[in-house]
Each structure stands twice: as C-alpha cells, then as structure tokens.
Amino acid sequence: MTADIMAFTFPWEYDFPPFFTIQPNATTREKQLESWGQLVLHYCHANNIFVADVIALSESELFNNKNIHRRLNHKDVLTVLDYLESKKCVEWVDRQKKQCHIHWQTPEQWAEVIHGWARSNGFINSVVTFEDLIEGDDTVQESFHGINRLALLKALEVLQSNNRAAIVDIDGVQAGVKFL
Amino acid sequence: MGPRRHSSAVRLRPTVVHPSFSLWPCKPQQVRFEDYYGMNRLSWYTPAESMEEILRQAGNVGIYDGDAKQSAFEQGTLSLTLQRVIWADSSDPDCRLILHHSLIDKVERHHKSMFSRGGKVILHLKPTPPGHPPGPVAASAANSLRFIFKSGGEDDFYKLLLDALSRQTWKRTSSSSSSAGSRTSHVPSTRGGGISGIEKRLVDQHNKTHENISQAFEDMSKLVEQAKEMVNLSKTITERLRMKKGESNDDETTQFKSYLLSLGVSDPVTKTTFGTGAIYFEKLAQEITDVLLKPLEECGGTMTLPEAYCRINRARGVHLISPEDLLNACQKLDAINSPITMFVFDSGVNVVQLRSVRVDQTADETAQLVQQLGSADADKIARHKLISPVLAKERLLAAEAVGKICRDDSVEGLFFYPNLFLTQTN
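Chains as they are written, first to last, in the working numbering: chain D, 1 to 180; chain Z, 1001 to 1426.
The hints are simulated quantities; they were obtained by calculation from the structure and are not laboratory data.
There's no promise every hint is true.
[Unchecked claim] Only pairs whose alpha carbons sit at most 27 Å apart, straight line, appear in this in silico DSS-like list of lysine-lysine: (1) D/Lys-66 with Z/Lys-1228; (2) Z/Lys-1393 with D/Lys-31; (3) Z/Lys-1283 with Z/Lys-1228; (4) Z/Lys-1393 with D/Lys-75; (5) D/Lys-75 with D/Lys-31.
[What the hints assert, rightly or not] Just some of the chain Z residues that point at chain D, by a computed CB distance under 7 Å: (6) Phe-1345; (7) Arg-1358; (8) Glu-1400; (9) Cys-1406; (10) Asp-1408; (11) Asp-1409; (12) Gly-1413; (13) Asn-1419; (14) Leu-1420; (15) Phe-1421; (16) Leu-1422.
Glycine included, each C-beta is placed from N, C-alpha and C at the ideal position.
Throw the hints in and build the complete structure from the sequences for me.
Laid out in structure tokens, this is it:
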C-alpha cells in the first residue's frame, strides 16, 4: 500500500483519448467509469486528498492530459464523481456539488490502518482524541492524517463493533477513542 | 400575265354558282385549260359538303401565280380547313376562291426577307384533274402558287397545312360524297337522311376522335421507342467494351464501362402493366433485386437508399419511379424472398443490403479496420472501404454498439478507437 502511494503512475487509460469521452455504449461506459473511479481514488490517495473542490479537481492533471490534449469536461467529471458516490466513495458536501469528501479507503480499511498505527506506536489501552488522530503531530506521516471526522468515526465504529476500540465521550460529545 | 389580264373578268363573275356546278368533284366539264399551270387550280368558293372546321385564318394575304409579281388577289383573308384553303377578298366579300388540298403536291416556306413583302408559302401543285370546277383563271403558265402573308402568320399556317395534308381527310369524305353524289348529286349527303344522317355524323365524329387519340399515342410510343434505342445502344457499347477488354486500362474507359453496365432495364416494370397495388411493388422489388444485386456485391453489400434510387432510375432510363415507390418496393423484398433486404439503422438511415451481410460480421470488419488504422473517423473508413461517409458512420456506430470500438469525441472530431476498455487487462 505504501509503495503504491509513493510511486503514483497514471494508468494506461490516461493516455487513451477515448478515456476522456464518456462512452455511449453501456458496457463500455461501465468499464470506463470503473477505471475513472479507481484513478480518482488512487490519485486522491497519493495526494492525500480527503475533501475535493470539484472545480479545482477538474483543472488538475487528474482530469487533464496535456500530452494528448484531452480533458474531461466539467459535466463528465460530475458523472465520474456521481458514479463514485453510487459506490459510496464520494459524499457531496453541498447540494450544488461543488465540494465532496472522497473516501479512497473503506471504513474497514481505515479501521485496520488506524489500529495498526495505534499498535505500533504504543497507544493500545490509552485514549487518543480525534483531533490528535486527525491533525496531531504523531500522525503527520500517516495516510489518515487530515481524514474527515465522519470517516474517522465510521472507521472507529468498525473497531468498536469488533471490540478493538471504545469510543469515549467527552462532555457528552464523541471526542476520543480508547484502543483495545 | 394571267392574273392581270383576267382581273376585270374576275370581278364580273357571279360568285354563287349553280349547285350542280359547285359540288366538287362533279361530272367532267369542258376542259379548256392546260394541266401545268398554277392559278387555274383555284376554283370559286362553294359551301362545303359537311361542317368544316377552320384551323387557322390569316389576314392580309395575297395569292400570286408562279413567279408573277402582280395578282388580282392581292389582299384577302386566308382560311385553312382540313380539306381546302379558302381565300376571301377583303374588299369584295363575294369574291372567294378555294384550293383543294388534293391538288397540292408540295409545300415550301420562305421567311420574310428585306426585299419581300411578307413571309411566303409556296404550293407546288399537281396537274389539274379532269372535271375541275371553274376558277377565276382559265390557264396559267406556272405550276405553283405563292401565298404572301403581309401581316405574318405564315409559320403557323405552314405547319397546320402540312398537318392537314398528312391527314388526307378529304380522301374519305370525297369517296363517300362521290358515291353519294352519283345518286343525289344536288343534296349534300350528310344534310339529309334523318336518323341515318345523325348516325353517320356520330360515326364520323367517333372516327375523328379515335384518330386524334391514336395519333397522340403514336407520339408517345415513338418517344419510348427512342429510349429503348438508347438502352440498346448502351448495350452494344458495353458489348464492344467487353470484347476490347484488356486493350485499354484507361480510368475513363473503366468508369464509362461501369456506368454502362449499370444501365439497361429493357423492360421496366410499370404501373400501366401491373397496376398500383401489391403486385406492382412485388414486381418492382424483383427488378430492384436484379439491378442491385451485382453492384451490392461489388460495394461490400450495403447501399444507402438514395444511392439505390439513383441506380434504379438510371437503369430504367424511362418510366422513372418515385422515392416512395422504391421504399414500398423495398418493403416487399422480404415477401419475394429476395437475396436483398432493407435495413434501417438506429439513426434512421435506410439501406438495402445483401441478406448474407450480417451486422455482427460487418462490425467485426469495421473493428478490424479501425485496429489496423489505430484510430479512424467516418471519412477514413469511407475512403478505405469505398463506401459513402454516411454508411461508414453507420458501420462505426454499429461496431460501437456491440462494443468493438469506442469513441473519442473532441474538438478534432469524432474518432473511433479499438475498445481497449474491454480488451485491455491491467
């Protein structure tokens, strides 16, 4: 996983001009959107993007291939993101679809990553606040640094249901976690 | 010459003559004049035996004998009927002359020139028959007459006169009237006879109508015959080209040959032979099959309907069919088990194609070509396959529909690529 993150390369589709035209043939389109979905998640993963601004993302190299002079237009970017939403990998922040959360890992995957971090850094049986997990100094090197609070909560809930963590309330608000 | 000398006599002559005199032809009279003169063929006016229809009238017409420059009949109205020419003097309504068509041998026309007084129609006349009724001039040195049209109108007159001469209607009426005349020479035959007279007139009328109609159709059939000749000509040339095969590889010759080869429905299916119903369209479908089968095989099995339409009508040459007829006939192709069938693409483009052509097969071919070329648009495919761009696009879309290729729609146009989405594995 870490090796993947470090050496991000665009897939072959990125240099294939038809990739930048949403295909009318249903079978082909399904395959194409799947490729796009993977590319977007990989790209966000590699660049640690949790919240994406759609306009900014549209202008980024992700949707623009200057080498072959092709770009995915705004409408089609939304098509790709909607596809990812249907796969529960994208959550829209606003109704205008200007910003979205991008879940490039499932809560289960995050649960593993976070628990692995706690284990290897000696945080088992101790309480860590959400803030420390998200933006604390100890997690700067971690992939979940900067994770969306909601996504974090979902991952921790997975751990809690497995009895590997307990979410702690501070002042009646869910604010910390005790790794078990 | 004649006219001037006799002019005074002419005026004095009674214009209404005794009926036994006037009926033409009648019993031999004294033959005082020689045969080879022109003016003497004219005779005094007598009423016609039956109703005469005036075909054309021209005013301000003079009659001149032979080459004579002067005439006693310089100004009058000329009337043309099916049987004769009637000339009436403008200043003396009683002075009227007739020339029967049976006396005319040949007609010439001369246009008005700078020096002439008007357009001329020259009549070359036959010898005077024995028993010719009396006329204003007893003898004439010339064998021709000139009608000079000072106010024009000679063209129409000339045409109608030729027409009247070619019909030779007087032959019938003269024979009937002569037989009638032998019995009752004083009474015109159609005037009498009560019911039988009416019947005769009806029969005459019927005959005339029938003649007119058959004449009209004669013209039509002549046209069709000529078109057939054209088709035959093209066939001969085709044959000759075939014999010469190998001698010339000229592009032009080859092209010309291919044009000719696509000609030649010698017996086109028409609505007149097969009506307008289902049978007509089925026969037409058969003809379409015969004409298009070979071109279809040559062009890869598919042809757009407009192209088929052009080919069919070029092959027919005459009796062209309408686009609607073609469409109806194409819908009958399946009914007659034709090796050709009509196919409608999703985009609405109609094509005729060989039944043996399968959509998936052409899709494969198209995909292969795209693969070879790397990428292609409709134009490129059209050029490679020698088909129309419309058809090329349809083929690309068909191949795309089955997932063989995928599209790249950019500012550069619509290009197609092999569908790597489905074939490429990561």
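Results of checking the hints against the structure:
| no. | hint | in the structure |
| --- | --- | --- |
| 1 | D/Lys-66 with Z/Lys-1228 | violated (66 Å) |
| 2 | Z/Lys-1393 with D/Lys-31 | holds (24 Å) |
| 3 | Z/Lys-1283 with Z/Lys-1228 | holds (20 Å) |
| 4 | Z/Lys-1393 with D/Lys-75 | holds (26 Å) |
| 5 | D/Lys-75 with D/Lys-31 | holds (18 Å) |
| 6 | Phe-1345 | violated (15 Å) |
| 7 | Arg-1358 | violated (19 Å) |
| 8 | Glu-1400 | holds (6 Å) |
| 9 | Cys-1406 | holds (4 Å) |
| 10 | Asp-1408 | holds (4 Å) |
| 11 | Asp-1409 | holds (4 Å) |
| 12 | Gly-1413 | violated (11 Å) |
| 13 | Asn-1419 | holds (6 Å) |
| 14 | Leu-1420 | holds (6 Å) |
| 15 | Phe-1421 | holds (4 Å) |
| 16 | Leu-1422 | holds (6 Å) |
Violated hints, listed in ascending order, are 1, 6, 7, 12; each of the other numbered hints is respected by the structure.
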